[in-house]
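Residue numbers (the working numbering), protein chains in the order written: chain A, 8 to 353; chain B, 8 to 353; chain C, 8 to 353; chain D, 8 to 353.
Hints may contain errors.
A pair counts as met if it fits within one copy or between any two copies, since identical chains are not told apart.
Said to hold, decoys possible - Subject to a maximum C-alpha distance of 27 Å in a straight line, what follows is the list of computed DSS-like cross-link-like pairs (lysine-lysine):
#, residue 1, residue 2
1, K258, K228
2, K101, K32
3, K215, K101
4, K196, K65
5, K90, K48
6, K196, K48
7, K228, K215
8, K215, K65
9, K258, K90
10, K90, K65
11, K196, K101
12, K122, K215
13, K215, K90
Hints in this document: simulated from the structure, not taken from any laboratory.
These numbers come from a predicted model, not from an experiment.
Protein chains: 4
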Amino acid sequence: MIRIGIIGVSGYAGGELARILHHHKEVELTVATSRQYSGQKLSQIYPNLRGVSDLICKNLSAEEVAEQADFVFAAVPPHSAMKMIPPLLEAGSKVVDLSADFRLDSAEVYEDWYKCSHSARQYLEEAVYGLPEVNRSSISTARLVANPGCYPTSIILGLAPLLRRNLIRTGTIIADSKSGASGAGRGAKVAQLYCEVTDGIRAYGVGKHRHTPEIEQELTKLAGEELVISFSPHLLPVSRGINSTIYADLKEELTQEEMMSIFAEEYYDEPFIRLCESGVFPTTQNVRGSNYCDLGLQVDPRTERVVILSVIDNLVKGASGQAVQNMNLMCGFEEATGLDIVPLFP
Amino acid sequence: MIRIGIIGVSGYAGGELARILHHHKEVELTVATSRQYSGQKLSQIYPNLRGVSDLICKNLSAEEVAEQADFVFAAVPPHSAMKMIPPLLEAGSKVVDLSADFRLDSAEVYEDWYKCSHSARQYLEEAVYGLPEVNRSSISTARLVANPGCYPTSIILGLAPLLRRNLIRTGTIIADSKSGASGAGRGAKVAQLYCEVTDGIRAYGVGKHRHTPEIEQELTKLAGEELVISFSPHLLPVSRGINSTIYADLKEELTQEEMMSIFAEEYYDEPFIRLCESGVFPTTQNVRGSNYCDLGLQVDPRTERVVILSVIDNLVKGASGQAVQNMNLMCGFEEATGLDIVPLFP
Amino acid sequence: MIRIGIIGVSGYAGGELARILHHHKEVELTVATSRQYSGQKLSQIYPNLRGVSDLICKNLSAEEVAEQADFVFAAVPPHSAMKMIPPLLEAGSKVVDLSADFRLDSAEVYEDWYKCSHSARQYLEEAVYGLPEVNRSSISTARLVANPGCYPTSIILGLAPLLRRNLIRTGTIIADSKSGASGAGRGAKVAQLYCEVTDGIRAYGVGKHRHTPEIEQELTKLAGEELVISFSPHLLPVSRGINSTIYADLKEELTQEEMMSIFAEEYYDEPFIRLCESGVFPTTQNVRGSNYCDLGLQVDPRTERVVILSVIDNLVKGASGQAVQNMNLMCGFEEATGLDIVPLFP
Amino acid sequence: MIRIGIIGVSGYAGGELARILHHHKEVELTVATSRQYSGQKLSQIYPNLRGVSDLICKNLSAEEVAEQADFVFAAVPPHSAMKMIPPLLEAGSKVVDLSADFRLDSAEVYEDWYKCSHSARQYLEEAVYGLPEVNRSSISTARLVANPGCYPTSIILGLAPLLRRNLIRTGTIIADSKSGASGAGRGAKVAQLYCEVTDGIRAYGVGKHRHTPEIEQELTKLAGEELVISFSPHLLPVSRGINSTIYADLKEELTQEEMMSIFAEEYYDEPFIRLCESGVFPTTQNVRGSNYCDLGLQVDPRTERVVILSVIDNLVKGASGQAVQNMNLMCGFEEATGLDIVPLFP
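Produce the entire structure from the sequences given, and follow the hints as far as they go.
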């Protein structure tokens, strides 16, 4: 059994890691840290884990965690991750970082969008962007994986087949994304209160969201040419789930059937990509609690565009599930271990 | 007092008309028809109206309604409206039709998208598209007004200032719309059950929704040139509210401040358009129950696009409120009569 | 026009007062205070009021408020109210206090349940408990009215007819109440985040909620004998609305029809009580945004109990609407002025 | 591998059985029937099962099902179950019936509450009421188990410890229950539409719900004396989950600590009962998707009552999960097989 540590377990991604790892037969969660809830049982912070976990959260240094764990998930905020991860790596732990700190290749771009200096630049080149459907082999040999953002996961998976085959005009990409409220984390904020979120929708960070450079970086690699996109996130009255509706102009005419075939070929054998049949669009309810990314496609001959619908559970494929998928690759386990979770509907 | 009739009162738009008209000091609701609920009190169909209305719903012909009402709102489904409205007009009633039957100028386009023949083509030319912010003067003299669809209202109001001033490339318009469940009506359908809708989002009718030709027709008039758009509706776990996120490429460089000024000028004095300050995006919660359309703008210099956020209450500005606004214009009342409703938040 | 002040406008009850008073033809909102949002427009704190109110919130002393207002609503938390209200009264303002500070006749009981000493005991005797359906005449002549709690309003209105007529065993009263999240206020708390509240229900303060002594005090007066009750509040994934399901053993056999008649007689002519017909139970959706209390009754001959269903909008009849109703009585206006609001459904 | 059949798979309980059985290592789902969806893939009816199940639904007779399955779950409505189950039993299948048809010992009581005659009375005596925490040993040897109703499960589990020890006055039991909308099934009904259910709560069937005789029958057995209860169900804007708040007068004084100890002893070693620590109340979110019943207790010395909070997921412990738990007992599998599901939060 591999011993697992979670740094920053009190956020929703931390709780979700604990849920998923409970079913993973090759690993054992041995240590979980939380500054705020130090000394409390994990099942007090997450009472859904009552009777499932007896772990007590502690306030430990990176070094102390490294002693008790072979593999560490960092679920702390940006800026904290870059401070905690170097000592973990130096102590021999493998790490999946769920923050944004090691996702961008360029420290300058990071500092530009995140408005803070990067104190662990020496690891940026080594860090692998942890989207298995794109970077599977690099992930397998990495000791530091930067787990993708939730929005980027949904958008990159929706566009990869088209960019790899050079089928769309890269200057025309628009991603209109809608996310459940768990994406904002478990911090106490007026804007996230039940009454502020329920029965409505609101856009935020239009054209300015921090996930933009990460999406553009990865799409640029897939396209083989520089590109910029329009990205508009929206907050939904939903707990879990992201729906990204992605638009792009087609370079040449393609029928709906041809488009379906292209995605079917590109994602043949992917364990967590499910393609909806033509005319059916995916819904976040059907991936709830699971690591699936459901994709739907619509070629519109009137406008010569393709519209891709990409849905994930932001806490699973968009965070903790993908982190476990990355761990499986990094540790040589079967990729879907612990992730054979049937989506919960209704 | 003008006597008002509602044909097809049992749908959500019918109930909402009754709510709004209760506060209208110039009119009296004298007759309401429903085939299904004939003989029942309106307050049994809509118990929120308990103690507010004593009206009994009846199953009446158009002629019988015309005898009891000077002004009629038709809230029946497409295909029914085109049969009921001609006799009403012939009997001297003025009519606002909330269905799609008289919105399209061309019977052929109607038949193409609605898959049924049009039996009242002779009224298509006379019917005025009832968006007061665009067609105020024609509405004032009309006897038949086609009340706009909910999605088109939000989208056209978001784009009119830009098209009038020729600021965007008309071939690049994308409208990504999200609607509350009341837009689907009060009919019993599995897909609209609580458990199917809550805690999720799903796209439907991508590139094929029936509101598309209506939007394109009106935007074409505003632009002065033929255009097609991408329109993708989504179903939200929300009762009321539409958010349309609209994208277009700018013809020439414009700053955020210039864009704000243009909208402020174009909508100066409009009683139901509220412009959010720069950096703030509108939310459907803040228009709930009211006739407002709240607009937010973001110029994105990176992509040379503008993103417009347009939100309305689909049952008010998107249906019954706008219908009353049209009635006010058609009857010579002050335009906002009965519509001075403060949005309900939270 | 009477000049109105609101102390503590930033909470949900404050925003709701502004919404209701906008429609009140006899008064004008002239001053609103907020420590946290001083200098901001009310419409920035409550963007639903965009275009409705231009008022700027200020951080003012009670004396300063009294200079600018003839009538003051205190919507500050318990403990603050008892400090702000005496100077207002001394400066000649009439006051409705929405907090709990002047609801209990006994300072000792207050201190016991609220765990703090009472610094304005001299006003306890003068303060009138502001439930118009019970205390209408005393309210009319009061200068300080203690606006009832939301739960107590729903429960007392459900039981008053039975206690007045001595029909139930006073030792058997159980009130199982369910409230929307706005009852917890607009403060940032993890337990009130969207993801913590949605798609679930939880009991809290069972047998220990601070509204208990207030309910018992008023029921005791109605019954003419000391009584204690079981009171269990629950948090619902709902913005607005309280449902209280109230149980009591009947002293003697009564039929469903007799019970219906008793309530119909007792509440004859009450403008804000609506009695559901036999076999129909009220729902909070049908009072949303309005000052109504809807009541449903079920006599159960098998158990010799009566079950009363009482629903209100906690922010209206349970707070700001009732406060305006009290103001109307205190100022000699028609009782329903400004409160003729049709409930918003759906 | 035991071959499993599901009769009536298209309802929510059917879909949930498929989800749970996917993780059960001792069984294989080989046949599923649906009249309405015959010929469709199960994953078309429940797209969350896309990629999980390839099963095609068929319209089969009981005899045909018995040929393809060793063990059958009947998830058809009352009245249908009593017709389909006898031939299954006669063909040698073991059966768990999720309907109400075999829960009541007395055909007369059934006919009185369900308003239809019982056509399989000969099996009523044999059928075992399938609440493992109460009837574990009888279930183990049964070939026909009547799976309890969702409300009864929550209520009986909350009261069993008290009735077994004769601690409460049996005439004073009140169960105020609140259920998510999935309890009403997947049939298309106006009253279950999203807009009718969301943002509100409504009582229904107060004192008259069909689960009443089932609850009374089982509580009577536990108490050893005839009893009647007050039972009031309410519909919540929640997908899954039941909260039952149960009140009873104590026969003699008991402290909170004593009460906690009694429940801890009575439910010691129960795999699916989780007791909340004193002062903490359970919430349906923390059992979502799992087979747990979470219990919270409050002794109220002021009223000499105990209040028990009992929460379950109505589709799991209240239906399909409990059905699998019963199957495990009937087939000699470890009781928790396939049911080690961590609740999904948020």
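Quiz item: If you check each hint against the structure, which ones fail?
Solution: Violated: hints 3, 8, 9, 11.
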